[in-house]
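4 protein chains.
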Amino acid sequence: MAGNSFGKLFKLTTFGESHGEALGGIIDGCPSGIEIDFDAINLELQRRKPGQSKIVTQRKEEDQVHFYSGIFNGVTTGTPIGFLIFNTNQKSKDYDEIVNTYRPSHADYVYDQKYGFRDYRGGGRSSARETVSRVVAGAIAKQVISGIKINAFVSSVGEIFINKPYQDLDFNNIELNPVRCPDMETAAEMEKLITEVKKQGDTIGGTITCVIQNVPIGLGEPVFDKLHADLGKAMLSINAVKGFEYGSGFCGAKMRGSEHNDLYNPDGTTKSNLSGGIQGGISNGMDIYFRVAFKPVATLLQKQEVLTNKGEIIEQQGKGRHDPCVVPRAVPIVEAMAALVLADFSLFSKIYNK
Amino acid sequence: MAGNSFGKLFKLTTFGESHGEALGGIIDGCPSGIEIDFDAINLELQRRKPGQSKIVTQRKEEDQVHFYSGIFNGVTTGTPIGFLIFNTNQKSKDYDEIVNTYRPSHADYVYDQKYGFRDYRGGGRSSARETVSRVVAGAIAKQVISGIKINAFVSSVGEIFINKPYQDLDFNNIELNPVRCPDMETAAEMEKLITEVKKQGDTIGGTITCVIQNVPIGLGEPVFDKLHADLGKAMLSINAVKGFEYGSGFCGAKMRGSEHNDLYNPDGTTKSNLSGGIQGGISNGMDIYFRVAFKPVATLLQKQEVLTNKGEIIEQQGKGRHDPCVVPRAVPIVEAMAALVLADFSLFSKIYNK
Amino acid sequence: MAGNSFGKLFKLTTFGESHGEALGGIIDGCPSGIEIDFDAINLELQRRKPGQSKIVTQRKEEDQVHFYSGIFNGVTTGTPIGFLIFNTNQKSKDYDEIVNTYRPSHADYVYDQKYGFRDYRGGGRSSARETVSRVVAGAIAKQVISGIKINAFVSSVGEIFINKPYQDLDFNNIELNPVRCPDMETAAEMEKLITEVKKQGDTIGGTITCVIQNVPIGLGEPVFDKLHADLGKAMLSINAVKGFEYGSGFCGAKMRGSEHNDLYNPDGTTKSNLSGGIQGGISNGMDIYFRVAFKPVATLLQKQEVLTNKGEIIEQQGKGRHDPCVVPRAVPIVEAMAALVLADFSLFSKIYNK
Amino acid sequence: MAGNSFGKLFKLTTFGESHGEALGGIIDGCPSGIEIDFDAINLELQRRKPGQSKIVTQRKEEDQVHFYSGIFNGVTTGTPIGFLIFNTNQKSKDYDEIVNTYRPSHADYVYDQKYGFRDYRGGGRSSARETVSRVVAGAIAKQVISGIKINAFVSSVGEIFINKPYQDLDFNNIELNPVRCPDMETAAEMEKLITEVKKQGDTIGGTITCVIQNVPIGLGEPVFDKLHADLGKAMLSINAVKGFEYGSGFCGAKMRGSEHNDLYNPDGTTKSNLSGGIQGGISNGMDIYFRVAFKPVATLLQKQEVLTNKGEIIEQQGKGRHDPCVVPRAVPIVEAMAALVLADFSLFSKIYNK
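Residue numbers (numbering that gives the first Met the number 0), protein chains in the order written: chain A, 0 to 353; chain B, 0 to 353; chain C, 0 to 353; chain D, 0 to 353.
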């Protein structure tokens with residue numbers, strides 16, 4: 000009930016702070032008989048890992064996952080899957096000076112206010128380090144829904160954006176550049192911008208687009224647990240996310256019904272897909288696509304005003320190893336959360352779908 | 000577990016189809032001792048009701064709520080509150096011709112595919128008629144969190160939008176025009192546009208902005224049940240919603256950290272509020288504001304291609320009494336869902352907040 | 000989350016007080032496509048109804064259920080089933096004198112202490128009247144698990160008990176006597192005892208045995224949601240229940256392993272069944288049987304000491320129309336709750352069982 | 000949703016198999032600011048640990064718990080508490096011969112049937128080894144409800160039972176003998192019986208009584224989540240449990256209302272306590288007491304018929320290090336589960352109690 004579980008049938012509960020000894024989680028509700036591809040899990044962890052390229056944080060985290068249960072001879076047993084990722088490169092000393100200060104647009108202040116005190120080291124529980132457990136669980140979820148293809152990619156950084164529909168993009172390019180933007184020219188521009196921003200000790204926001212293909216008809220449990228509502232919650236639960244739209248999204252709010260309606264083909268597919276693959280909260284078999292907005296990282300390598308726990312405003316120089324732009328590393332996290340939602344509704348569909 | 004409950008501690012479960020005898024719900028988890036203002040509930044129902052003005056549907060629904068339990072001598076007892084809204088003006092005959100057809104961008108097709116058959120009358124469970132129960136529960140939720148002020152309003156219709164920050168608006172104007180737009184001039188333009196669209200038998204989308212004030216610090220249960228994640232899910236669960244953004248939203252994705260960070264005042268308030276009143280998923284005491292995108296209503300009073308359940312494409316003339324633009328009537332629904340989220344986290348805060 | 004829901008996938012939420020206008024509930028999670036046998040539901044309500052015979056309360060309650068949703072043309076649609084049972088014969092005046100008094104071994108006192116005040120009429124929410132909603136939902140649950148046979152019966156009243164294994168009983172006899180005891184001779188003795196107790200204005204306890212046959216192998220979700228653990232909770236949630244045992248039960252605690260172990264037949268059935276059809280919390284295909292202890296009804300038609308809300312002890316004469324022995328009418332309630340548990344695990348088994 | 004979580008607000012989710020590398024769990028919902036007494040946790044683990052005396056299994060398990068999160072500088076932070084207990088003395092080879100056989104009255108057969116295959120080593124997930132995580136969480140729960148005193152003890156082994164009311168017992172004696180029976184003479188008899196049974200390679204059942212004192216009025220969330228219903232489920236979820244009764248229990252089913260009713264004292268306490276401290280599912284401030292029945296351990300050190308997965312009945316000699324009687328080691332488990340239930344309802348009471 001407290002907020003550290005996600006999903007109902009395919010349910011992930013996570014624990015762990017940025018600078019604790021380990022983070023981890025339990026997946027309860029994974030069906031038995033799934034042969035686990037451990038390389039696929041490691042690959043996702045590699046994609047999320049810091050230090051992959053010049054444009055992301057240079058922290059080194061090994062991010063190796065240890066499974067303790069629920070998998071026997073490489074196959075899921077139907078019992079809960081417990082796993083840990085040990086922290087190996089945490090430099091708590093970097094955070095000594097924020098013991099008594101609240102950094103702007105971080106969760107420092109509200110954690111202290113809510114819980115009475117906080118684990119200040121590296122943001123504690125509020126750190127995006129926590130998403131490492133999501134990536135592990137998402138990688139398993141992907142194997143549960145193996146027919147479905149999920150591709151997320153960076154669609155904008157600052158003012159630079161891909162000016163093409165996703166159908167014109169080659170998803171094979173995503174991993175070919177450090178930005179994870181499938182349009183190689185735009186990717187180069189984005190990389191240049193991030194490098195420039197980084198030099199200034201500043202950070203920059205961006206968006207990620209996610210396309211889900213081969214989705215069976217009938218996923219989603221209205222009226223509250225609509226497929227897109229759970230996808231939205233999943234995305235909004237990721238650190239730094241400020242917005243979510245699917246299908247026509249905010250553009251749809253400017254349109255007329257006569258241009259927005261997706262007319263049918265005789266086989267039940269639709270000629271257009273402004274619905275974004277979901278009608279009435281239920282997948283209709285067309286591509287699902289959505290877009291997620293990420294704010295710029297709050298930690299700057301600049302001098303900035305901070306609040307002390309004595310109510311003083313002082314200047315503090317930002318330190319540590321941080322991402323100038325979070326979206327490249329957030330791509331696997333978006334995919335992981337999407338996979339968790341789809342796995343959950345997939346299990347529901349075994350009961351409720353005819 | 001199935002998708003018809005919302006909230007954890009202040010929990011609403013709803014039932015009812017568009018053309019059934021009644022719709023209703025149960026609120027489980029409302030604390031005892033709250034003196035219920037029944038007029039306030041009726042007022043919200045009036046705001047949502049069809050037939051209020053020329054620019055909304057002319058259906059007549061009495062929308063009177065009957066409470067059966069949980070309230071004794073006008074005060075909540077701590078036991079579940081069961082309520083019904085009887086349907087009084089349903090014209091099922093209007094729907095005879097959609098028995099065997101699937102209207103574009105409606106849920107007809109996916110309901111049939113998922114459940115094997117459907118209550119086709121007026122969209123059945125997928126109809127926005129279902130939100131009447133949400134408005135009842137939201138009106139009670141508002142009384143549970145009586146210190147908090149929630150104001151939603153129409154911020155755009157089609158291409159017409161309010162070109163002012165919400166701080167410059169007078170919320171008292173919201174109910175003074177049929178569009179529920181607090182900027183009277185913009186409201187007039189919007190009304191004109193809707194009237195025009197209606198004449199064409201067409202429909203148009205729009206956005207609603209919601210501002211929540213006087214929020215105590217500490218609402219939200221990270222890492223999954225972040226305050227904005229639950230607000231997002233709540234909004235995305237409303238019929239026709241395509242997008243959600245809070246604080247800086249999608250604009251924030253274009254900004255740099257140095258312009259986006261909200262610097263503190265000594266009292267813990269912030270000088271700017273691009274965070275939208277939420278940091279790390281927890282309210283920080285500043286105004287919460289978010290924006291919700293609604294697509295244009297799918298039912299047109301025009302000829303349109305539909306799919307039959309035999310896989311034929313035929314032309315069908317749209318009939319019935321429908322809204323040309325859904326946002327004016329969706330304003331109280333947005334407020335209701337926001338109130339449900341806040342009431343839920345309010346109850347959590349009694350346990351977890353210091 | 001608050002305590003008025005039961006089940007996870009086949010989920011019942013109930014509302015209603017003894018003397019409110021109506022009681023009712025919502026079943027969320029009932030699969031689509033089930034043709035509802037309304038006569039079967041009414042039959043269960045008849046079995047639970049007061050006034051059936053001389054040995055139960057002479058109150059007259061019509062106990063007719065009204066369905067408002069989730070069933071279309073007699074078939075479940077997969078959407079939530081909302082229902083009401085209107086109260087028609089409540090005599091609130093009977094309860095005027097308990098406004099300010101707490102009857103011994105009733106919930107009057109704790110409700111006042113917990114919630115600050117209470118709906119005192121007829122026990123309010125704490126009345127067994129509430130179980131009417133359980134019986135409706137249980138009757139539908141029985142139709143969801145139509146292959147499984149559930150037979151509950153009165154196995155003891157006071158010191159009188161059936162001295163035979165259930166295998167020697169003819170369940171067809173259960174409804175042939177007012178006690179609902181399948182051993183006709185014992186039934187007659189029980190009836191005589193209840194009549195005698197009633198004459199004295201006193202009440203008496205008893206036990207109900209429930210036998211569940213044709214259970215598929217594999218129901219139950221360990222380690223916490225063991226089949227018998229949920230059956231136990233279900234039974235203990237019924238008013239007046241003091242104990243639950245299954246299989247060998249408390250007798251098993253006196254036995255040695257060498258006599259208690261159920262040896263296998265080659266087909267996986269067992270030669271004995273002290274396990275009660277459940278091993279490790281999962282059904283093994285053998286008969287499930289359990290026993291439930293009910294205390295004597297607390298309302299006596301005698302003078303009794305009561306506590307006033309001013310802390311005085313006064314004498315009060317019990318009034319109203321009450322059961323001298325609750326077990327005959329509790330038989331359908333036990334079956335209903337068992338059906339709810341089995342329906343819930345049945346739905347789980349569609350996901351998790353190979 | 001799958002069955003490996005217990006509790007709603009103070010929620011434990013566990014993972015781990017008998018012979019995996021580690022077992023563990025996550026407590027989500029523990030309030031912040033609780034100074035953890037680690038010695039108290041270790042003490043509970045010692046009480047549960049094998050090899051404590053001659054009458055329990057001679058397996059050696061270190062049973063040391065490692066906490067990874069949720070506790071900072073010895074104080075709970077309000078974030079989830081993740082913990083592991085590494086397995087150090089597992090002898091998987093002992094189980095080679097049950098790879099293809101199903102032992103009577105074990106879960107081997109149903110696990111294979113349900114999940115398609117199983118981790119056969121030591122019973123896998125169905126082993127009572129899993130309760131080690133419950134004891135850790137229960138020890139923390141005890142600290143959350145520090146005013147409440149929970150004392151469980153062995154009240155019978157086979158036919159030998161304590162023939163005194165609990166009020167006449169000195170709970171300080173519980174830990175003074177290996178049986179954990181506070182009546183020293185009865186304890187000696189029990190010990191003798193267990194020793195004898197053990198010599199024969201047999202096992203024997205028993206009961207545990209649990210007394211909970213200093214309980215505040217108002218714990219419990221009717222109508223389904225009655226305090227005793229959740230206690231019952233908690234107990235029935237423990238391995239080998241066959242029955243649960245509280246207050247007058249099965250004896251109450253033989254009594255008349257006039258002898259069973261607990262008359263009030265002016266201060267709201269009751270003269271007798273056949274209710275067992277709970278009325279209408281809510282604690283009334285009197286002592287809560289209940290009794291739990293445990294069957295004899297199914298693993299015998301004798302020759303026994305087993306079923307092979309080819310449908311043959313063969314004889315197999317029981318091996319390994321097993322308890323001849325489970326109740327002495329189950330005492331801390333009963334207390335742990337009771338503590339979890341009470342902690343959960345304690346958190347609810349912060350919201351719902353006046």
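Keep in mind the hints are simulated off the structure, nothing from the lab. The structure presented is a predicted model; accordingly, all values stated were derived computationally and were not measured. Just so it is clear, CB atoms sit at the ideal spot from N, CA and C, and this is done for glycine as well. You may find that some hints are simply not true.
Claimed, not checked - Every beta carbon over 12 angstroms from chain A, so not counted as near; a handful from chain C, in silico:
hint, residue
1, M0
2, A21
3, N99
4, P221
5, C250
6, T268
7, I350
What the hints assert, rightly or not - Sample of chain A residues facing chain D (criterion: CB under 7 angstroms; computed from the structure):
hint, residue
8, A1
9, K7
10, L8
11, E20
12, I25
13, Y67
14, S68
15, F71
16, G73
17, P79
18, G81
19, Y114
20, G115
21, P164
22, Y165
Quick rundown of the hints versus the structure:
1. M0: It is violated; M0/C is separated from chain A by about 6 angstroms at its closest Cβ, not greater than 12 angstroms.
2. A21: 23 angstroms, holds
3. N99: Check passes; 37 angstroms lies beyond 12 angstroms.
4. P221: 8 angstroms, violated
5. C250: 31 angstroms, holds
6. T268: The claim stands: T268/C keeps its Cβ more than 12 angstroms from every Cβ of chain A (closest is about 23 angstroms).
7. I350: I350/C is in fact no farther than 12 angstroms from some Cβ atom of chain A, at 5 angstroms.
8. A1: Interface hint status for A1/A: holds (4 angstroms vs cutoff 7 angstroms).
9. K7: 5 angstroms, holds
10. L8: 5 angstroms, holds
11. E20: Hint on E20/A: holds, closest Cβ of chain D at ~5 angstroms, below 7 angstroms.
12. I25: 5 angstroms, holds
13. Y67: Cβ of Y67/A sits 4 angstroms from chain D, so the hint holds.
14. S68: 4 angstroms, holds
15. F71: 4 angstroms, holds
16. G73: Hint on G73/A: violated, closest Cβ of chain D at ~12 angstroms, above 7 angstroms.
17. P79: 4 angstroms, holds
18. G81: For G81/A, the interface hint holds, since the closest Cβ of chain D sits about 3 angstroms away, which is under 7 angstroms.
19. Y114: Holds - the Cβ of Y114/A comes within 7 angstroms of chain D, reaching about 4 angstroms at its closest.
20. G115: Holds - the Cβ of G115/A comes within 7 angstroms of chain D, reaching about 5 angstroms at its closest.
21. P164: Result: violated, 38 angstroms to nearest chain D Cβ.
22. Y165: 34 angstroms, violated
Violation of the numbered hints given earlier is confined to hints 1, 4, 7, 16, 21 and 22; the remaining hints are satisfied by the structure.
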